[in-house]
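Q: Chain by chain, the residues:
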Amino acid sequence: MNEELLAEQCKRRDEVAEREVFSRYAPMLRGICCRYAVDADEAEDMFQEGFVRIFDTIGSFKWVGDGSLAAWMRRVMVNNAINYYKKQKRHRLTHVEHDDETARISDDDGEVADEDSFGFSGVLAAGITKQVLLEMLQQLPEMYRVVFNLAVIDGLRHKDIASMLGIDESSSRSRLMRSKTMLKASLKDYVLQVKRGKVPDEKHSLSAV
Amino acid sequence: MKQQEKDIEQLFSSALGAGFEVEGSTTWEQLQERRRRGSFFRFNAKKINIFYLAMLSCAVAAASLSVKYDIFPRILGESHPAKSHKNVTYEKKPSITIDATQPVAPAEGESHDITEVAPAVNIPANYSKTIDEPVAGKNDNVAEPVELTTANTLVDNMTADTLEEEEKAVEEFIPATKNKVVKKVVVVQKQQVMVKDTVVKVVKKHVRQRE
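For the record, the sequence lines run as chains A and B. Quick note on the numbering used here: the first sequence kicks off at 1 and runs consecutively. Quick note on the numbering used here: the second sequence kicks off at 1 and runs consecutively.
Bear in mind the hints are in silico, worked out from the structure with no lab data behind them. Do not rely on the hints blindly, as some may be mistaken.
To be verified - Where chain B lies over chain A, by a calculated footprint (3+ residues, C-beta under 8 Å):
#1 39–53
#2 159–172
Claimed, not checked - Okay, derived cross-link-like pairs now, SDA-like style, lysine to any residue, Cα gap no bigger than 20 Å in a straight line:
#3 A:Lys11 <-> A:Phe22
#4 A:Lys188 <-> B:Glu9
#5 A:Lys188 <-> B:Phe40
#6 A:Lys62 <-> A:Arg74
#7 A:Lys188 <-> B:Met194
#8 B:Lys2 <-> A:Met182
#9 B:Lys6 <-> A:Gly155
#10 B:Lys2 <-> A:Ser186
#11 A:Lys188 <-> B:Gln3
#12 A:Lys86 <-> A:Asp39
#13 A:Lys188 <-> A:His158
#14 A:Lys159 <-> A:Ser171
To be verified - Some residues of chain A that are not near chain B, with every Cβ distance over 12 Å (derived):
#15 Leu5
#16 Gln9
#17 Lys11
#18 Gly59
#19 Lys62
#20 Val64
#21 Lys86
#22 Lys89
#23 Leu134
#24 Pro141
#25 Val152
#26 Gly197
Glycine included, each C-beta is placed from N, C-alpha and C at the ideal position.
Build the full structure now, drawing on both the sequences and the hints.
A: So, in structure tokens, the structure goes:
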């Protein structure tokens, strides 16, 4: 069954088609949720909420070519993740963002740059897996993780990110820089541990395909 | 430095980008259950369910209770329409009738020695017209004339702030009026007795003169 037919049948609330959509796209959409969530439980909750939203709003989907259904579903899932983040933001206390954040980031960058032991080649040599990268991403504070996901992985511009999150563009940029710095530090630690012969603990792991 | 950043971006986007898939625990049945739950709590006029019927009945009950017990005017600090300032009129005017033909018992503490049977004296029914003018010298403890005003005239002139105050005023007024009326009746009875005595004496005097 091709995408167009699948979408049409889903619009008619055909359960067989819906089940087909679920089984075909669930792993990919769950991957998005894992990137935005802090752990596996939250990712599952976000995933269910997002899929319910997909089925509720599939009437507004217009098929424009191959891959358009998958792209539309990804977009819905990302929007749902942002909404989820906004809802959770009220209940969670994250790091306080200061105005002089950029200045501190510059200092951190300097520290990392001075270390010769860390480099991209070192990371690749350490044989880092998707699962490890996901865990590093999940360890980021929420406001940095969301901006990093939107900017780096989902490819949104800072202007769009700022409007989606209700923040300034400069805040979006500074958050991205901060998140990269933190990830760099995590990668450095990982490489050092691998070099010392210690394999990092893989708790809370998700089975990355 | 810039290259490092780009490398990190590339690393994460290639690893966790479009091709990143994760197997999870959510099954199709769990998703359907969640959809059902979501649609149950979501308002849909075409699908009125028990939840919304219960909500509706609760709203109706709350509205009826608020109307019955004046909850909203109290909350909003508004005066109840029934408690607004207005004169209260009473349709039924209380009337007091005194039957002058009834035998009159002597008042307590007084004795009337009547040795002879006097002829019956008919006191006219309108005798009460004169009771406001007691017999001079005969009755010193006559009460002041009672103004037999009805409750209606009093209440008509009364503009109490609230109905409760008006009702209270009426409740206080009625026993007071009752007491006054009872006193008046006693006075009338005494006067009747005195008139009888006077008549008996006059008759006796005439009888003696004839003899």
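Q: Next step is simple, just say for each hint if it's right about the structure.
A: Structure-based check of each hint:
Residues of the region 39–53 of chain A lying with their CB closer than 8 Å to a CB of chain B number 8, which satisfies the three-residue condition for coverage. Counting residues of the region 159–172 of chain A whose CB lies closer than 8 Å to any CB of chain B gives 0, so the stated coverage by that chain is violated, three being the minimum. This hinted pair checks out: Lys11 of chain A and Phe22 of chain A have alpha carbons roughly 14 Å apart, not beyond 20 Å. A distance of roughly 15 Å separates the Cα atoms of Lys188 of chain A and Glu9 of chain B; the hinted pair therefore holds under the 20 Å criterion.
Only pairs whose Cα atoms come within 20 Å are accepted, and Lys188 of chain A paired with Phe40 of chain B is rejected, the gap being roughly 50 Å. Using a Cα cut-off of 20 Å, the hinted pair Lys62 of chain A and Arg74 of chain A holds, with the two alpha carbons roughly 14 Å apart. Taking the CA atoms of Lys188 of chain A and Met194 of chain B, the gap is about 128 Å. The hint is violated against a cut of 20 Å. Only pairs whose Cα atoms come within 20 Å are accepted, and Lys2 of chain B paired with Met182 of chain A is accepted, the gap being roughly 15 Å.
Between Lys6 of chain B and Gly155 of chain A the alpha-carbon distance is near 13 Å, which keeps this suggested pair within the 20 Å criterion. Between Lys2 of chain B and Ser186 of chain A, the direct Cα distance comes to roughly 18 Å. Compliance with the 20 Å bound is thereby established for this hinted pair. Note on Lys188 of chain A and Gln3 of chain B: the hinted pairing holds, with a Cα-Cα distance of about 16 Å set against a maximum of 20 Å. Taking the CA atoms of Lys86 of chain A and Asp39 of chain A, the gap is about 17 Å. The hint holds against a cut of 20 Å.
A hinted pair counts as satisfied when its Cα atoms are at most 20 Å apart, and Lys188 of chain A with His158 of chain A does not qualify at roughly 27 Å. A hinted pair counts as satisfied when its Cα atoms are at most 20 Å apart, and Lys159 of chain A with Ser171 of chain A qualifies at roughly 11 Å. Distance to chain B confirms Leu5 of chain A as a non-interface residue, since its nearest Cβ pair spans about 20 Å, more than 12 Å. Interface exclusion of Gln9 of chain A from chain B stands, the closest Cβ pair being 16 Å apart, more than 12 Å.
For Lys11 of chain A, the requirement that its beta carbon stay farther than 12 Å from each beta carbon of chain B is met, with the minimum near 15 Å. Every beta carbon of chain B lies more than 12 Å from that of Gly59 of chain A, the smallest distance being close to 14 Å; the non-interface claim holds. For Lys62 of chain A, the shortest C-beta to C-beta distance to chain B comes to about 21 Å, beyond the 12 Å cut-off, and the non-interface label holds. Every CB of chain B lies more than 12 Å from the CB of Val64 of chain A, the least distance being 18 Å, so the non-interface label holds.
Once the 12 Å rule is applied to beta carbons, Lys86 of chain A is consistent with being away from chain B; the minimum gap is 19 Å. In this structure Lys89 of chain A is separated from chain B by more than 12 Å, as the shortest Cβ-Cβ distance comes to about 22 Å. With 12 Å as the threshold on Cβ separation, the claim that Leu134 of chain A sits away from chain B is violated: the shortest Cβ distance comes to roughly 6 Å. Once the 12 Å rule is applied to beta carbons, Pro141 of chain A is consistent with being away from chain B; the minimum gap is 16 Å.
A beta-carbon of chain B comes within 12 Å of the beta-carbon of Val152 of chain A; the shortest separation is about 5 Å. Listed as outside the interface, Gly197 of chain A is consistent with that label: its C-beta sits roughly 23 Å from the nearest C-beta of chain B, beyond the 12 Å cut-off.
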